[in-house]
Each structure stands twice: as structure tokens, then as C-alpha cells.
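**Student:** One-letter residues, chain by chain:
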Amino acid sequence: ETGVTQTPRHLVMGMTNKKSLKCEQHLGHNAMYWYKQSAKKPLELMFVYSLEERVENNSVPSRFSPECPNSSHLFLHLHTLQPEDSALYLCASSQGGESGNTIYFGEGSWLTVV
Amino acid sequence: GQNIDQPTEMTATEGAIVQINCTYQTSGFNGLFWYQQHAGEAPTFLSYNVLDGLEEKGRFSSFLSRSKGYSYLLLKELQMKDSASYLCAAYSNDYKLSFGAGTTVTVRA
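Residue numbers (our numbering), protein chains in the order written: chain V, 1 to 114; chain A, 1001 to 1109.
Bound conformation, chain V alone (with noise of 0.2 Å):
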């Protein structure tokens, strides 16, 4: 248990659909992320939050829209998916600074697009 959570931890949806992808820290943590992570490949920053304000959008497609209602929950809006957008979709957070950054990752969302 690291105090972030994730649901649902297995989803499977259509390229038309909308789903969204869950995230609750309990740890008073003030910056919440979403990374990325295929097969082989870096975990990838999609989206960063401070304090509830976006601060770091890295390219990320449109179809991809996320939400941080306040500073404990943050939402992955999905749309209009991919099949190579299947991956584990990981949630962190931190309580940011310059230094003791620790990012607490959530077990993460795996995601498949048919």
C-alpha cells in the first residue's frame, strides 16, 4: 500500500468509447502525475499537477484529458482511444520542492483498446 490509489486496475475498451482512469492519494501530498508505461519502453510523463493548476503538459494527444478536481484526486478522461495507447497508465504524487521529491506511485490502470 503507498497511499495512492487507482481504479479500475484492468480496463478494456472500444476505440469509441469514453472511460475515464481513477486516482485518490492519501498521503497530503500537494502534486499529483500521470505517466505512461509500454512494453520495454521509459516510463513516460504525461501530465503534471500542482497544486490542483497544471503545470506540465508533455504532448500529450487530445484524446487523452485529465482532471484534478482538487488536490487529492486526479482523472484520466479517455476518448476516442488507440490500440497502441494500450499500457499501464501509472498515477504519483509527490509533495513537490527541489529536493526529497519522491514521487509514491499508484499500482496503476492496464489499459487495452481493441
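Just so you know, not all the hints are guaranteed correct.
The calculated DSS-like cross-link candidates involving lysine-lysine, where the alpha carbons are at most 27 Å apart (straight line), are [claimed, not checked]:
(1) V:Lys40 - A:Lys1096
(2) V:Lys36 - A:Lys1081
(3) V:Lys18 - V:Lys36
(4) V:Lys22 - A:Lys1076
(5) V:Lys19 - A:Lys1057
(6) A:Lys1076 - V:Lys40
(7) A:Lys1068 - V:Lys19
(8) V:Lys19 - V:Lys40
(9) V:Lys36 - V:Lys22
(10) V:Lys41 - A:Lys1096
(11) V:Lys19 - A:Lys1081
(12) A:Lys1068 - A:Lys1057
(13) V:Lys36 - A:Lys1096
Since the hints were made in silico from the structure, they are not lab data.
Predicted model only: the values in this text are computed from it and were never measured.
Following the hints, complete the assembly by docking chain A onto the known chain V.
**Tutor:** Quick look at chain A alone, frame taken from chain V:
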């Protein structure tokens, strides 16, 4: 941009020592993280180096040379449960953590 390099795979025997090297080219570098990730699980924090030198935590040690853009993770007295992927990540500003592709370590009996 960010460039993080580490070996893809390493194999070692139970009880042995393994050293995983990582080189990085990162603008605005602040520090170097190591994470462990077991198959199907989330990455878990192992170490964070800001200053040059060796930091030891039990069986695991991490080293950093900022001038050389180089780090290593040293795993001693290997156990079967240490079989996992080890991720090197460079921290470059308040919120940017760039990862290498990971090194899969297999520990054999």
C-alpha cells in the same frame, strides 16, 4: 532534452553482488532516483542522490557522480525477491522526473 541510459538485462546468482549503471544527460539536473518495480506492480522508491558519493541503505547502495553524469545501484547479498526491474530517473526541476527504460535483474539459485 533528457537522455537516460541503463542496461536492459542483468543476471546474477543468489548471494552475489550486482551493479546497475546509469548514465544521464539532463538539463537542470537536481538529483538521481532509483526505483524498484516487480512485474505487474507499481515502482517503489529505493534511493535519491543529490550530492556526489555513495549512500548505503542496508543491502542496497547508490552512487552519484554529477560531473560524469553517472550513477550506479549496487545490490549486495542478492536474494530471489530482488528479481525485478530497476529504474533510474533523473530529477531536473520541481516536477520533471525522467526515467530510463529499466534494467531487469534476474536472480538465479
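**Student:** Tell me if the straight-line CA distance from Lys18 of chain V to Lys36 of chain V falls inside 27 Å.
**Tutor:** OK: Lys18 of chain V and Lys36 of chain V at ~18 Å, within 27 Å.
**Student:** Would the pair Lys1068 of chain A and Lys1057 of chain A pass a check requiring their Cα atoms to be no farther apart than 27 Å?
**Tutor:** holds, 23 Å
**Student:** Given the hinted pair Lys19 of chain V and Lys40 of chain V, is their alpha-carbon gap at most 27 Å?
**Tutor:** Holds. Lys19 of chain V to Lys40 of chain V sits at ~26 Å (cutoff 27 Å).
**Student:** Does Lys1096 of chain A lie within 27 Å of Lys41 of chain V when you go C-alpha to C-alpha?
**Tutor:** Cα-Cα ~17 Å, so holds.
**Student:** What's the verdict on Lys36 of chain V and Lys22 of chain V, does the C-alpha distance respect the 27 Å limit or exceed it?
**Tutor:** holds, 14 Å
**Student:** Quick one, are Lys1068 of chain A and Lys19 of chain V close enough, alpha carbons at most 27 Å?
**Tutor:** The hint is violated at about 45 Å.
**Student:** Holds or violated: are the alpha carbons of Lys22 of chain V and Lys1076 of chain A at most 27 Å from each other?
**Tutor:** Given pair Lys22 of chain V, Lys1076 of chain A is violated - Cα atoms ~38 Å apart, limit 27 Å.
**Student:** Does the structure keep Lys36 of chain V and Lys1081 of chain A at a Cα separation of 27 Å or less?
**Tutor:** holds, 25 Å
**Student:** Given the hint that Lys1076 of chain A pairs with Lys40 of chain V, does the C-alpha gap stay at or below 27 Å?
**Tutor:** holds, 26 Å
**Student:** Does the structure keep Lys19 of chain V and Lys1081 of chain A at a Cα separation of 27 Å or less?
**Tutor:** violated, 36 Å
**Student:** Given the proposed pairing of Lys19 of chain V with Lys1057 of chain A, does the C-alpha separation stay at or below 27 Å?
**Tutor:** Roughly 42 Å separates the two Cα atoms, so the pair is violated.
**Student:** Is Lys36 of chain V close enough to Lys1096 of chain A, meaning Cα to Cα at most 27 Å?
**Tutor:** Within the cut-off at roughly 14 Å; holds.
Violated hints for the displayed structure, listed by number in ascending order: 4, 5, 7, 11.
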